[in-house]
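Chemist: Single-letter residue listing:
2 protein chains.
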Amino acid sequence: MNQEYSQKEENGKERKYQQLQLWLERAMALQTANILFEWDNETLAPKQAGACTAKVQGALALAYQELMTGEEIGKYLELCEQETELSEAEVAILREAKEERKELACIPPKEYRDYQELISESARIWAQARENQDFEAFAPTLEKIIQYQKKFSGYQAKKGQRLYDVMLDHYEKGFSIKKLDEFFQLLKKELVPFLHQIMESKVEILDDFLEGDYPQQEQKKLAEFIAEYVGFDFEKGVLAESAHPFTTNLHNRDVRMTTHYKKRMDSSLFSVIHETGHAIYELGVADELTQTLVGQGASMGMHESQSRFFENIIGRNEAFWEPIYPKLQEMFPKMLGNVSREEFVKAINKVQPGLIRTESDELTYSLHVLVRYELEKQLIEENLDVKELPELWADKYEEYLGVRPKNPAEGVLQDIHWAQGSFGYFPSYALGSAFAAQMAAYMKKNIDFEALLREGELGVIREVLRRHIHQFGKMRDSRRLLRDMTGEDFNPQYYVAYLKEKYGKLYQIEGRS
Amino acid sequence: MNQEYSQKEENGKERKYQQLQLWLERAMALQTANILFEWDNETLAPKQAGACTAKVQGALALAYQELMTGEEIGKYLELCEQETELSEAEVAILREAKEERKELACIPPKEYRDYQELISESARIWAQARENQDFEAFAPTLEKIIQYQKKFSGYQAKKGQRLYDVMLDHYEKGFSIKKLDEFFQLLKKELVPFLHQIMESKVEILDDFLEGDYPQQEQKKLAEFIAEYVGFDFEKGVLAESAHPFTTNLHNRDVRMTTHYKKRMDSSLFSVIHETGHAIYELGVADELTQTLVGQGASMGMHESQSRFFENIIGRNEAFWEPIYPKLQEMFPKMLGNVSREEFVKAINKVQPGLIRTESDELTYSLHVLVRYELEKQLIEENLDVKELPELWADKYEEYLGVRPKNPAEGVLQDIHWAQGSFGYFPSYALGSAFAAQMAAYMKKNIDFEALLREGELGVIREVLRRHIHQFGKMRDSRRLLRDMTGEDFNPQYYVAYLKEKYGKLYQIEGRS
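Heads up: the protein sequence lines correspond to chains P and H, in order.
Mind the numbering: the first sequence is residues 1 to 513 in the working numbering, read in order.
Mind the numbering: the second sequence is residues 1001 to 1513 in the working numbering, read in order.
So here's chain P without its partners, still in its complex pose (with noise of 0.2 Å):
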């Protein structure tokens, strides 16, 4: 049938990987040409570019499943079965395989067209809704979204598993319904009161000075000075800009970000350290594994972890600023010339709620996410009416952040991922600021962290984090990165003590422990 492959197989009984290995780097190269095309659509391609690329995007993500789903790659499964020695990786591609195949083949080929169809109209239908601010024009849609999701939940739903369990392990495997209610529990009782105390405390924080006299093109050198800084390989890299700030990748060797330039200077500053951190992880994940099934970071979670460990645990920390904030203050003469790094970096640790999760400082973000979990297992789990969607955010928000969205677009329509049917997707926002503060606990043990940050070290903090977590990728899931690397189980009252310590003393709360 086919000269190119078959020609190998005579070798025999070991050489039944390889064959696999080869139908399966097809596979990954069809989708990593759909990643560069995602790149391009987002960085670069002519306006008018759209309906013609989307259908060689979709003949791929066809070809893509085709294959996956296919006799050739089944037929090599089963033979590889019955290998004896294989490494940790391959058992790993093999197992990543299956799941994958499973998944696609579960759903019936005219629903999955047809869902398709809908999530490729629904991010228009969203975005009108949104300028609108008219949740009804969004609400039909939504509905849909939600019966496929539970429809093909329902086809991948081992006995008596929940939906929303089922959707949650797509994003992030080893956290259910139960573990996360524990966890945003936990965040609810320990943060929602602790951010009252911290909205009557007396301290004054001022950040006026992050608006102002930034031209794009010094925000432009800042950024590529952080990224290099924090340890971003332009050599292995792309820095450019989108609408909306994001990291893909291609392979270990080629990882892409972008950011975006706002009149707030730390808006571009800390979403290219964000992105810089979920660089770092696809930079360092092992030869051996990039280019294969578990060639990406772990989970969405663990991605999250990194990418906030960078942001907040170091980039948010006054002693990182030490070596550096003279060369901000230098490129920025008019603005920060005359701000101490003491008040620099009260400013950029703000506490402030507010309705746009993408906006909200370290402090609040996971209650931001709390409020979509409940909704969305609400939506899934007990059929919560889309219609009460609206009212029932915006008394969430009340509660948990103290403010009240006025219209649709500031409230249950910022978000696009309902509208791409990635339920189960939020809760790995929260998860990985827990995991980060998890890591950080550990690491301070075991190296003089802050002094590191003082000397500007950072490559010994990101070769703990590359020995632990990046180079496996995503052969190991993230419950068993964690525990191998902190000695513990997930545990969330890590996270709240690093808040609470971290904004109990900026702003003088009593009694922090």
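Note that these hints are calculated values from the structure, not bench results.
Fair warning: there could be bad hints in the mix.
Unchecked claim - Computed, partial: chain H to chain P, Cβ under 7 Å: (1) A1029; (2) P1046; (3) E1235.
To be verified - Below, in silico cross-link-like pairs of lysine-lysine (DSS-like), each with a Cα-Cα straight-line distance of 25 Å or less: (4) P:K110 x H:K1016; (5) H:K1047 x P:K47; (6) P:K221 x H:K1047.
Note that the structure is predicted; figures quoted are calculated from it, not measured.
Where is the CB? At the ideal position from N, CA and C, for every residue including glycine.
Based on these hints, arrange chain H on the given structure of chain P.
Modeler: Chain H in isolation, oriented as in the chain P frame:
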């Protein structure tokens, strides 16, 4: 087998073509992906991405090859033989698919793979040899490439067909050795003595003001202005930078070109006009053809005709500069403020026989191509020993252009084409110029060409080209297009007449016709 595709089959006879089309769309998607990778490699990809990305591209190319030569497309091609109501476009697509299949299938996979490895290695060897001015280091590789090329052409040759004719056919159908011998003989007979006359002319043209204070940022603005002025549509295209200017496209809504900025301002300026000519061609391909096997320009020569039409016949015409030269003076007041339009237009048309093809002027360009044509014909048809190339090359340059390379870097090693196995490609460069001259002669009979340029009405000229050439893509071959447009078969006399008229006037040569 394939649920996605096979379910449409039942609708019977009239669906056979659509069925084929789905598979061809996938093949095109694979090719388009590789085009995007190539663009990305040349313009953006990080330094160290090379090897991993090459693996992806290799896998996509192999998938394309297997799909094109595979059972499904074979089956539907056969079934389509019986279809009676096919459009001209569909017939052309079937023709291209069959040809592509034949070409891909006739080479044994093992040989093809070995050859691909040789080729991917040879660019490096060639570049190294050129840097070291050491032809010996490249000769054995070149020899091997030639042997493969001859072998492959042998597989593809019709009975009695000469091997170099097979190669020529890849780039320009309908232009055999016989036809090209006539063409190049004419050029040699007419242009070599004419060049001697010019070199002896007492007319002195100054062009020193083309090099100097031309800041890159300003050159970039000029590039964008001139591209748009000539007819590039930035809503359907991108202009970027790369080491060597080129144009590529994903489809007719996404056409991309590059330039490079040098000390001499005319380098980027005319590169951009040249590439815009290529781009206008691809932007003008009909919607029903884009993203199919006939959705590209008709041939290398026809493509080059469009780029050279815009670069030379339009861009080096005084009338073209009449409306926009003041703008140029405004952009570069220090350099051009005191240079009259007449002086500027003379400078950009100065004849300067040199050693490097890509830097040559309009008149001597085809003599550079003549050297290559004669030599590659000898290599393929007369078993010329590659070792003799440097001397023969130098002799021919001395004879035709009056200059002799001092080393192989400025001689036989200057072009990458042979290192890529592209034998038969060079002639299309000269053919393109001749096509362009024939089209211009036709146009000048039907529209007031110079007046349109003076009024900045380039849209009218573009429309003539779109209507006669661009819209048809690769559906019709270049000779047919030329004949349909001009009412006459290819006739190189127009080219000779155009050059003698233009340069005879510029250099005040007596007795020009």
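Chemist: Would you mind marking each hint as holding or not holding in the structure?
Modeler: Results for each hint:
1. Here the hint on A1029 of chain H is kept, as its CB sits about 4 Å from the closest CB of chain P, short of 7 Å.
2. Look at P1046 of chain H: its Cβ gets to within about 5 Å of chain P, closer than 7 Å, so that hint holds up.
3. Interface restraint check: E1235 of chain H against chain P, minimum CB-CB distance 5 Å, threshold 7 Å, status holds.
4. Only pairs whose Cα atoms come within 25 Å are accepted, and K110 of chain P paired with K1016 of chain H is accepted, the gap being roughly 21 Å.
5. Taking the CA atoms of K1047 of chain H and K47 of chain P, the gap is near 28 Å; set against the 25 Å cutoff, the hint is violated.
6. Between K221 of chain P and K1047 of chain H, the direct Cα distance comes to roughly 20 Å. Compliance with the 25 Å bound is thereby established for this hinted pair.
Violated hint: 5 only; the structure is consistent with all others.
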